[in-house]
Structures are given as C-alpha cells and as structure tokens.
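Modelling step: build the complete structure from the supplied sequences, incorporating the hints.
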Amino acid sequence: MRFRTDLCNIKIKLQSSYAVKNTRSYAAIAYLFLAPALILMGVFTFWPVGFNTYLAFQDYSIADGTATWNNFAHFKYIFHEELFWNALKNSLLYLLIVPVIQLGALVLAKLVNNKLPGMTFFRATFYIPVITSISIAGVVWIYVYKYDGMLTWLLTSLGLLHEQIDWLGEPKIALYMMMIFTFWKGIGYYMVLYLAGLQAIPSEVEEAAVLDGANAWQRFWKITVPMVKPTILLCTLLSTIAAIKVMQEPIVLTKGGKGDTYTALFYVYDQAFRNFNFGRAAAAGLVITFFCVLLAIIQFRFFGEKK
Amino acid sequence: MKLNKIMLAVTVACCAMASLPAAAADKTKIEFWSNSLSPKFDAVMKELTAKFNSSQNDIEAVWVDVDWDAFQPRFVAAVAGGTAPSLVNLPVPWAAEYAQKGLIEPLDSKIASFKNTYADGAIKDVTYGGKVYGLPWYNSVSIIAYNKALFDKAGLKDAPKTLDQLFSDSKALKDKAGVAGFAPKLQEFSSWFMYEGLPVIKDGKAVFNSPAHVKFVERFAQAYKDGSIPKDVFKMEFEQEIAAYDSGKIAMMTTAPQALKRTQTDAKTIYAQTVTAPFPVSKGNTPFGGYLFFWSVPKGTKNVDAAVKLGQFLTNDENQLRFSKATETTFPSTRKSVTDAYFQAGANSADPIEHGRAVAAKAIVNARTLTVTGLPDEASMNKKLQDELQSAIEGRKSAKDALDAAVAYWNQKLSATK
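Chain order of the listed sequences is A and B.
Sequential numbering from 3 applies to the first sequence in the numbering used here.
Sequential numbering from -16 applies to the second sequence in the numbering used here.
Think of the hints as simulated: they come from the structure by calculation, not from any bench.
Any given hint could be a false lead.
Straight-line Cα separation of at most 30 Å, DSSO-like style, residue types lysine-lysine; simulated pairs [unchecked claim]:
{"hint": "1", "chain 1": "A", "residue 1": "Lys257", "chain 2": "B", "residue 2": "Lys198"}
{"hint": "2", "chain 1": "A", "residue 1": "Lys257", "chain 2": "B", "residue 2": "Lys188"}
{"hint": "3", "chain 1": "B", "residue 1": "Lys12", "chain 2": "B", "residue 2": "Lys131"}
{"hint": "4", "chain 1": "A", "residue 1": "Lys257", "chain 2": "A", "residue 2": "Lys112"}
{"hint": "5", "chain 1": "B", "residue 1": "Lys232", "chain 2": "A", "residue 2": "Lys257"}
{"hint": "6", "chain 1": "A", "residue 1": "Lys78", "chain 2": "B", "residue 2": "Lys84"}
{"hint": "7", "chain 1": "B", "residue 1": "Lys208", "chain 2": "B", "residue 2": "Lys140"}
{"hint": "8", "chain 1": "B", "residue 1": "Lys232", "chain 2": "B", "residue 2": "Lys140"}
{"hint": "9", "chain 1": "A", "residue 1": "Lys174", "chain 2": "B", "residue 2": "Lys232"}
{"hint": "10", "chain 1": "B", "residue 1": "Lys107", "chain 2": "B", "residue 2": "Lys266"}
{"hint": "11", "chain 1": "B", "residue 1": "Lys208", "chain 2": "A", "residue 2": "Lys257"}
{"hint": "12", "chain 1": "A", "residue 1": "Lys187", "chain 2": "B", "residue 2": "Lys214"}
{"hint": "13", "chain 1": "B", "residue 1": "Lys12", "chain 2": "A", "residue 2": "Lys91"}
{"hint": "14", "chain 1": "A", "residue 1": "Lys174", "chain 2": "B", "residue 2": "Lys198"}
{"hint": "15", "chain 1": "A", "residue 1": "Lys257", "chain 2": "B", "residue 2": "Lys23"}
{"hint": "16", "chain 1": "A", "residue 1": "Lys174", "chain 2": "B", "residue 2": "Lys214"}
{"hint": "17", "chain 1": "B", "residue 1": "Lys12", "chain 2": "B", "residue 2": "Lys114"}
{"hint": "18", "chain 1": "A", "residue 1": "Lys78", "chain 2": "B", "residue 2": "Lys114"}
{"hint": "19", "chain 1": "A", "residue 1": "Lys257", "chain 2": "B", "residue 2": "Lys383"}
{"hint": "20", "chain 1": "B", "residue 1": "Lys131", "chain 2": "A", "residue 2": "Lys174"}
{"hint": "21", "chain 1": "B", "residue 1": "Lys383", "chain 2": "A", "residue 2": "Lys174"}
{"hint": "22", "chain 1": "B", "residue 1": "Lys380", "chain 2": "A", "residue 2": "Lys174"}
{"hint": "23", "chain 1": "A", "residue 1": "Lys257", "chain 2": "B", "residue 2": "Lys396"}
{"hint": "24", "chain 1": "B", "residue 1": "Lys144", "chain 2": "B", "residue 2": "Lys232"}
Since we're looking at a predicted model, the values are computed, not measured.
So this is what it looks like as structure tokens:
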C-alpha cells in the first residue's frame, strides 16, 4: 500500500515538474516569438516615449545635448499659452467627426455586405481615398474648397449660395470643412473593419429575427450593433486617437493651421522644429497624451465587455 | 628583357592601384548639404564639387542635396545626434533661430581675410548678435512681371512705380479687366512693415500698432475688400502665385524672376504677353523679396577649416557667377560677380526672363532678407501676428484691434524673457 502511495507521489511530482518545465518552455518560446516585435517597439516606441517624458521636465539644449531639470517650467508656460489651448480646443472639437464617421462606416459596411452583383466595385471605390496619398488628395480638395472652386460652383448652380466663400479661409467653418475631408478620406478604412465584424455575425441570428418579424431598423440596432460592439470599440478608439492627433489635414489644406485650424499636434511640431524647444514640445505632447488616455478610458467604459 | 619590363610595369601598376585607396582614405571627407537643388541643378553642383576636389590634396567634399521640407528636421536631428555635416546651405530666416540656439558656428575669425568680397547687405543678413554666421551664396529679389494684354484692357501703360500705384493699378485691373492685380506675399507680414520702413520691435518692445502701421494694414484690407488682391491670398505661396498668373487670374506676378521659367514652359501665351519691371522701392529703401541663401558650419563639425575652405570656394566670384548662369535667375552675393556683364546682357531684350534678370540684378545690390530675428517664441509670435492680420485684412476685425492684440501678445512674450 505504502509502495503504491510512493509511486503515486513520484508520478504526481514528475507530472508537475513536467508541467512546470512545459509551461516554462512554452513561455520562453512565446517570448522568443514576441522578441522581434518587442525589440523594435522598445527601440522605436517605448524608448522615445520614455525619453520624451523625461524631456518634458527638462531644459534640453540640442547644441550640446544637455538636459537640466526646470521645475515644470514647460507645463507652466503651456498652461498660460492661449495658442496651445486654442489648438487643443480645435483638436478636441475634431472629435465631432468620430461618431459621424463611425456611424457612416457601419452603415456603409452594412450596405456593401449585401450579396449583390457589383458589390466588390463599391467596396473598392469606398476604399480608394484611404490608399490615396494625403498630399495628392489635399491638392484636389483645395480646389474643391477654393472660393471659386467646385463646391462654390455646385452650391451656386443649385441656387443655394449667392456669394463666393473661401471655405478653408473662413475661421468659423474651416475646421468643419477639414472634418469633411477626413470623413471622405477615412470612412473606407473603418468600413473594411466593420465589414470584417459583420461577416463574423452568423446569418442564422438575423434569419431568426426576420422570422420573428423584426424590421431592418430593429435588426440593425438590436442585432448588428450589439454584435459588432468589439469592432465599434476598436474603430472608435482608433478614430478618437486619430482625431486628437490631427495634423496632416492642416498641413495640406490650410498651410499649417490658417483660418483657426491650428491643432494641438501642430503646436508640438512648431515648438520642436520651428522653435527647437524640444522640452516644451514634449510637455505639450504629454498633455495631449493625457487627453487621449482619458478618452480611451471613457470609451472602454462605454463599449468594453462588462465582467 | 621584354618580359622583365612588362613584369616591372605590372608591379608598378599594382603598387599604384594599391596605394590609391590609401591616398583616398587619408583625405578628410567633408559632407555638405545643399537645399532643394536636386535634380534641376545636379550638373552644376557635381561640376563644382569635382572642381573643388581636384584642387585639394587633403580634402574630399561629398555633396548631398536635402529637400526643403525635410531639411530642418534632418538638420536638427543630425546636430543632436552628433552627425551634422560640415557645411549646410540655409536661408536667412531659418538661420537666426539656429544661431540663437547655438546650432551653427560664428565664423568671424575664419573669414576675416575674405569677408570684404561679399556685398554689405549680404553680410548684414548673416550677422546675428554682432557675429557673422556664414558665407553668403545666392540671392533673389522680387520683380514685377505683368500681363500686357490685361494692362491694355485696364488702360494702364506701365508697371507701377510706387506701392500706392501698385494698389491703385490693381483696383483698375479688377474694375476694368475683371482680374485681381497682384497677390502680395502675406506669409510673414512683418517683412512688409520692414519694407515700408516701419519698426517692428524697438527697445525690446513690439511697436507695430502705431497709426502708421494701422494705416498700412488698412491699405491691404481695402485691396482685399475691393478684390484687387485674391480672396485666398493668405494661402498663396510661390507655387500658387505662379499658377494664378499662368492662368490669367492675376495680372501681375510680384516674385523672384525664377518664377518666369515656369510661365515660359507652362503658359506660353501668357509668357509672350509678359513684360518685366522693378518692384517699387518704398520707405525701407530695400526692394521687396530679398531672400539670401548662405553656407554655414553646424555646431560640432570636426573640420571647420576644411568646411570654410569649401564654403569660400563655392561662394567665390567665379563659382557664384557659374551657379547664377546655371540657374539663370538667381544672383550672386559678392560685390564683383553681381556686376558681371552677363546680368545686364538682356537689359534691352524683349524676352521676359532675360529682361527680368537685368531688372533684378540692379535691384539686388540693395536687397536685404526682410525678417524679424531673435524672437523668444518665434513660431507662436508669428502665428499670432499672422492670425490677427488675416482677420484685419479679410475684414473680420479692425486693423487697430488686430494690431493691438498682436502687440500685447508679443510684449507678453518679450517681457517674459527679460
């Protein structure tokens, strides 16, 4: 009996040691696979972010590479800088595009998810702006928005406009005009993500809803939206970050933020590469990151999985 | 015997071949960056580089061209990383900030022996805080290139001689020919104050809200209101101005003569109707649009003497003239080369480029790069001034209110650094 117990103990010990060993080698292999990406991210993402955070609290001299602690001087400067707050206001205002582009992309994905002839053509067409270089798209849209350009012509022809408007020069509307450009440029990207989400929904669910007498509107809100919630979270997060980081649009459309289209990240760029004040640029970057993280937390609360 | 000779020749040749890399390795390599010259001016830059290298026993220059948009980030990154080139080609407005931040070296002692070869204005342009930071190279200046057919339509005989006349002629062009007169460069309005002889900063304080400044800005606002200047003038830069002139949307192109090269190829009909004339000189006693490029030595360069030697070579009379001939529309900054007969050869020519070159060559002698230097937060201060001026000129705010707001902002920044 005792012999059997001993044997059992040995067996258990062997099994657990094998399991530990197995787990360890499993983890080691996992880290090995992760290593290339981690090393690259470490060098090109984590280290720069860490160094940037360090610089935000220093007076950094490019000429001799010295950095000295400055008692939050950059943050104090930014706090009193009306230009930065106005730029941040514009970046936050840009968030208005997020629900519009998400809803638009979801509806568009739903439409092109139909198995009808020629649907691939529409999918490709909506995706073309995404792969078009922003500088080329910008040149075209400048002509759309020019005071004597396509938009003015169209609205005048329809009798909706009676005078020429410099769409990107008028501070009250220029930012919204930029948002329309972002909508046009980005909707295809989110459409593809939603399309992947929609195709993962089993057709039986929708068929059952049809049998139960649910109409298209009800099916969209009661089945489609809840079932693509993880995709909604991903897309909303991506577009929120993109909206707060908006910078390319003012570069290509308004020559660097004319007509009250100056954005927070543009302020960072100006401080770094026009004033060469990398410490202040880093501090401004940190403030923007703070808002990004804050919004990400809110979105996880709304769209994240409840445990 | 013959075989011995052949063997000897082969041995000598082999030794010579083997010693070649060693000799090349002994040479001090210096990299120099030009600014947006490639691919158009590859030939002349390669020619000058080869000429310099063949004249040197111990220096080898390596030419690199860097695109305009990438230049500043790449330069700053190179200085920060300790890998800056030996010599860089900078425009004056960038260099003030670099000098202030210690990114480029003062060269007074290195260039003392040949400093006098450069025009006074050019040396003043590259002097910050009493120190000379570079070797002046090529310069440009605005001229007026006007569309004769549109002038005839508006009943105008000649190009305007004063700024007031430039505005009144533009009004006539709008009224009678239906096009805006010209597209003033408004990207850095402070240069217009300097052109007009109006102070921007005095005794460490911003002073550009005097009645004279207000009146001056109101002149632009009036022109905007009556359509004498285009509605999107604040978004118009060099390229857009050329496009507007080439498509007949403005009657006068008030920019550097190199713009005419584009008109010559892109709008042959307009080019055939183009006549050139000097841009009026105002109370600042300098023509508008001076824009000097110069060679400067970045901080941390190991071979300063070799870099200065190369800079001196590139900016001597002969090579500045060679470069101007290659570009056809830029001008040297040395006293002697700018007086070369080449520049006045087209004084009586009917060809707009040749005539424009002669017109600009006369004006270039007094040209200065009009830019405000030494600002503590240049990006923000200029942004504020531009935003306020845009509001005033486009009629959303009075000129007085706009200038008062900009002056208050500037003085807050200036006093914070005292």
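Hint check:
1. A:Lys257 <-> B:Lys198: 27 Å, holds
2. A:Lys257 <-> B:Lys188: 29 Å, holds
3. B:Lys12 <-> B:Lys131: Violated, at roughly 53 Å.
4. A:Lys257 <-> A:Lys112: Judged against 30 Å, a Cα distance of about 37 Å means the pair is violated.
5. B:Lys232 <-> A:Lys257: Between B:Lys232 and A:Lys257 the Cα gap is close to 21 Å, so the pair holds against 30 Å.
6. A:Lys78 <-> B:Lys84: Answer holds: A:Lys78 to B:Lys84 is near 21 Å, not above 30 Å.
7. B:Lys208 <-> B:Lys140: Status holds; Cα separation ~25 Å.
8. B:Lys232 <-> B:Lys140: Holds. B:Lys232 to B:Lys140 sits at ~19 Å (cutoff 30 Å).
9. A:Lys174 <-> B:Lys232: Holds - the C-alpha atoms of B:Lys232 and A:Lys174 are around 27 Å apart, at most 30 Å.
10. B:Lys107 <-> B:Lys266: 19 Å, holds
11. B:Lys208 <-> A:Lys257: Between B:Lys208 and A:Lys257 the Cα gap is close to 22 Å, so the pair holds against 30 Å.
12. A:Lys187 <-> B:Lys214: 27 Å, holds
13. B:Lys12 <-> A:Lys91: 50 Å, violated
14. A:Lys174 <-> B:Lys198: Holds, because 27 Å separates the two Cα atoms, which is no more than 30 Å.
15. A:Lys257 <-> B:Lys23: Holds, because 25 Å separates the two Cα atoms, which is no more than 30 Å.
16. A:Lys174 <-> B:Lys214: 16 Å, holds
17. B:Lys12 <-> B:Lys114: Holds, at about 27 Å.
18. A:Lys78 <-> B:Lys114: 33 Å, violated
19. A:Lys257 <-> B:Lys383: The given pair, whose Cα atoms are some 26 Å apart, holds under the 30 Å limit.
20. B:Lys131 <-> A:Lys174: Cα-Cα ~39 Å, so violated.
21. B:Lys383 <-> A:Lys174: 22 Å, holds
22. B:Lys380 <-> A:Lys174: Holds. B:Lys380 to A:Lys174 sits at ~14 Å (cutoff 30 Å).
23. A:Lys257 <-> B:Lys396: 24 Å, holds
24. B:Lys144 <-> B:Lys232: Distance of about 22 Å is within 30 Å: holds.
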